[in-house]
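Q: Each chain is listed here by its residues.
There are 2 protein chains.
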Amino acid sequence: MNDIKIDFRILEKFVIDILCSAGIDRKEAQIIAKVMVWTEMIGRSGHGLKRLSIFIKRFKRGLINSPSSAEFKNKSDAVYLLEGNDGPGQVLGHLAMSKAIEIADKVGVGLVGVQNSNHFGANSYYNQLAAEANKISIVTTNSFPIVAPHGGMSPVFGTNPFAFGAPVRNGQSILVDFSTSGISGAMIRKAIADKRTIPIGVALDENGNDTVDPERASKGSILPMAGAKGYCLGLMVEILSGVITGSAISNEIGSVWKNFNKSNRVGHFFLAIDIPSIMPLEMYYDRIEDLITYIKEAKKREGVDEILLPGETRWHNYQQSIENGVRMSKNTKDELQSLGEEYKIKIPWKNKKS
Amino acid sequence: MNDIKIDFRILEKFVIDILCSAGIDRKEAQIIAKVMVWTEMIGRSGHGLKRLSIFIKRFKRGLINSPSSAEFKNKSDAVYLLEGNDGPGQVLGHLAMSKAIEIADKVGVGLVGVQNSNHFGANSYYNQLAAEANKISIVTTNSFPIVAPHGGMSPVFGTNPFAFGAPVRNGQSILVDFSTSGISGAMIRKAIADKRTIPIGVALDENGNDTVDPERASKGSILPMAGAKGYCLGLMVEILSGVITGSAISNEIGSVWKNFNKSNRVGHFFLAIDIPSIMPLEMYYDRIEDLITYIKEAKKREGVDEILLPGETRWHNYQQSIENGVRMSKNTKDELQSLGEEYKIKIPWKNKKS
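Chains F and Z, in that order, are what the protein sequence lines are.
Number 181 in this note's numbering belongs to position 165 of the first sequence; there are no gaps in the numbering.
Number 136 in this note's numbering belongs to position 120 of the second sequence; there are no gaps in the numbering.
Hints are supplied without guarantee of correctness; some may be wrong.
Repeated chains share a single entry, so a pair holds when one copy, or any two copies, can fit it.
List time: in silico SDA-like cross-link candidates among lysine to any residue, alpha-carbon distance up to 25 Å [stated by the list, open to error]: (1) 21 with 203; (2) 278 with 346; (3) 76 with 46; (4) 21 with 295; (5) 122 with 92; (6) 312 with 170; (7) 206 with 243; (8) 312 with 341; (9) 76 with 357; (10) 91 with 122; (11) 50 with 303; (12) 346 with 32; (13) 91 with 203; (14) 89 with 149; (15) 115 with 101; (16) 122 with 292; (17) 115 with 92; (18) 122 with 295; (19) 316 with 218; (20) 91 with 121; (21) 115 with 315; (22) 89 with 121; (23) 43 with 213; (24) 315 with 226; (25) 50 with 363; (26) 115 with 319; (27) 21 with 340; (28) 315 with 231; (29) 115 with 295.
Since the hints were derived computationally from the structure, they do not count as laboratory data.
Computed from a prediction, not measured in an experiment: that's the story for all the values here.
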């Protein structure tokens with residue numbers, strides 16, 4: 017057996033138990049587990065439970081604080097800054113988007129920047145929080161530099177994901193969430209682990225030559241998605257997440273995986289737009305349905321069964337995870353199991369036919 | 017002589033005279049001329065003076081109103097909707113971004129949606145307005161559908177440009193402004209006019225096959241930039257500009273160039289973020305300079321002299337236009353000249369050695 021499937025509630029409880037045993041504040045552990053399991057459920061495992069052991073390792077080294085003593089500061093009605101004090105990214109992200117939603121309820125738009133945070137999972141988790149509160153949202157984060165600027169061959173930007181969310185009547189929000197690089201860091205790491213090559217045209221080796229070898233790419237640089245356009249978007253994400261929040265930017269950020277000398281101090285940007293402040297909610301839903309109809313009814317290219325909306329595959333994965341259990345790779349399962357054994361917590365999939 | 021160069025002030029006055037003679041409100045003519053000439057100065061002629069005669073034609077047909085009876089509506093402190101009443105896009109855009117700046121001054125962020133507008137020129141004109149007022153900004157607009165969704169082969173979206181601006185101490189703001197399609201509508205039109213081919217992989221013919229023939233592409237569809245990612249961005253632009261503003265969306269929008277049965281009724285989205293509401297302005301400028309240094313000092317690929325910032329080429333063009341005059345193509349010059357003759361206005365480049 018390679019992959020396993022496990023009930024999401026049981027999995028969440030198991031992750032909370034591990035986090036609490038490792039010394040994480042219980043309330044914060046609940047949020048962290050929720051974000052990690054949700055990310056796994058939608059099929060973005062690169063930002064999911066695979067991150068649990070490195071998270072605990074960084075916490076144990078004093079590079080992540082929990083309980084975080086995060087503090088909101090503000091100078092205007094619609095803009096808040098959350099000083100993250102090296103708290104868990106998931107906790108700070110949750111706090112920040114909740115505040116952005118609260119502000120948007122009052123004045124129509126809420127902007128919250130997070131200073132000095134850590135990896136926060138998949139951006140779209142926070143877009144979905146906003147969507148459930150009838151908000152359209154933008155979420156960005158900067159990250160450890162592995163992406164060269166357009167024309168360059170040494171890293172300046174992280175894969176700097178950009179995300180956008182818009183609610184849909186059936187609850188399966190439109191969720192746009194992509195790295196602004198030609199390939200994500202998670203895919204490079206996966207290709208290394210699986211001993212596979214990466215596509216041509218997405219990365220350079222240390223000498224600036226195209227490479228399909230993920231090992232060499234990780235010593236060289238990743239190219240921006242779509243050339244100059246991806247470079248522009250990655251730069252925008254760096255300004256919104258890093259520059260204006262007072263967080264670390266570009267080469268000031270250390271690798272989550274390799275640098276244990278300093279905290280990450282990445283920044284995040286959350287923007288929530290209250291739909292009823294610009295248009296009655298029911299009218300909005302009708303109009304989104306019209307747009308979805310135009311998209312679904314477009315003529316399809318040969319071999320395409322259906323034109324999918326951004327997020328649609330993730331919602332399918334999510335539904336499957338609820339119905340059949342959350343699918344985890346053997347690696348992730350083994351990592352969780354050894355954490356469980358370390359902290360003497362009952363492993364939920366042991367003594368169970370699988 | 018093919019191209020000509022002319023002083024930007026003389027050019028602006030000439031355009032104002034043409035617009036006023038055609039019946040456009042004088043105050044509005046000043047804004048329209050300013051946006052069109054600025055766009056020409058930065059080298060984005062596809063959105064510049066080439067649009068003057070079609071603008072006048074649509075105005076004469078009653079499809080554009082001037083003076084526009086545009087009216088702001090609002091339901092919350094930070095969000096306004098501008099009912100554009102088919103006014104000139106440049107005038108509505110100017111009004112809307114000015115209001116977004118004013119709101120951001122009060123509460124930290126300002127969002128203004130524009131309903132039922134027309135083509136407004138280059139998005140980055142409005143980003144620059146915001147940058148001059150110490151605001152970071154996002155500007156989007158929807159447009160006549162010529163772009164297929166990912167997996168599709170018939171148009172659903174416009175080239176839906178996305179733009180971002182961030183001020184820099186020397187005044188030459190970072191200006192990101194790109195279509196979310198593989199190629200812009202202006203480049204397709206230019207390739208048709210110049211009888212040239214377009215690159216492979218950016219457009220399909222009416223049967224869904226790849227094509228390099230711009231004529232066939234204009235009967236088929238353009239592909240999104242970067243596949244699924246460009247589709248996601250184009251969809252986001254459609255939601256922000258069209259759906260939430262109550263404007264026309266997707267197939268409801270007629271071509272600026274070919275459809276004289278109805279007004280365009282496109283929508284725009286303007287977001288202004290007040291920098292001092294999140295960080296002291298001087299600290300922001302220092303941090304942007306740090307980021308620019310990281311970018312400029314990246315190792316360059318072979319054949320690359322300098323890594324450019326988004327907007328840098330445009331600022332170079334702008335400076336050249338101020339020093340040496342605005343360069344116009346023969347086509348644009350001829351169009352302006354025939355408008356000048358029609359309205360019996362002295363042609364500034366006649367009786368002048370050129």
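Q: Under a CA distance limit of 25 Å, which applies to residue 122 and residue 292: within one copy, between copies, both, or neither?
A: both (11 Å within a copy, 21 Å between copies)
Q: Is it within, between, both or neither when you check residue 21 against residue 295 at 25 Å Cα-Cα?
A: neither (42 Å within a copy, 46 Å between copies)
Q: For residue 21 and residue 203, with the copy left unspecified, which applies at a CA distance of at most 25 Å: within, between, both, or neither?
A: within (22 Å within a copy, 51 Å between copies)
Q: Can you tell me if residue 346 and residue 32 fall within 25 Å by alpha carbon in one copy, between copies, both or neither?
A: Within. Shortest intra-copy distance 20 Å satisfies the 25 Å Cα cut-off; inter-copy 70 Å does not.
Q: If the cutoff is 25 Å on CA atoms, where do residue 312 and residue 341 land: within, between, both or neither? Let me know, please.
A: Classified as neither: same-chain Cα gap 29 Å, cross-chain 49 Å, threshold 25 Å.
Q: One pair to classify: residue 91 and residue 203, alpha carbons no more than 25 Å apart. Within, between, both, or neither?
A: neither (40 Å within a copy, 45 Å between copies)
Q: Between copies, within a copy, both or neither: which fits residue 50 and residue 363 at Cα up to 25 Å?
A: within (18 Å within a copy, 69 Å between copies)
Q: First find the shortest C-alpha distance between residue 315 and residue 231 inside one copy, then the shortest across copies, and answer within, between, both or neither for a cut-off of 25 Å.
A: Answer is between: at 20 Å across copies they meet the 25 Å cutoff, but 41 Å inside does not.
Q: Please work out whether the CA atoms of residue 315 and residue 226 approach to 25 Å or closer within one copy, between two copies, in both situations, or in neither?
A: Classified as between; 15 Å across copies, 36 Å inside a copy.
Q: Given identical chains, is residue 278 near residue 346, meaning Cα to Cα at most 25 Å, within a copy, between copies, both, or neither?
A: Result: close neither inside a copy nor across copies, 31 Å intra and 59 Å inter.
Q: Have a look at residue 43 and residue 213 and pick one of within, between, both or neither, based on CA distance no larger than 25 Å.
A: Intra 41 Å, inter 61 Å, cutoff 25 Å: neither.
Q: Please sort residue 91 with residue 122 into within, between, both or neither, judging by C-alpha distance up to 25 Å.
A: This pair counts as both: shortest intra-copy Cα distance 16 Å, inter-copy 11 Å.
The structure does not agree with the numbered hints 2, 4, 8, 11, 13, 21, 23 and 26 stated previously, though it agrees with the rest.
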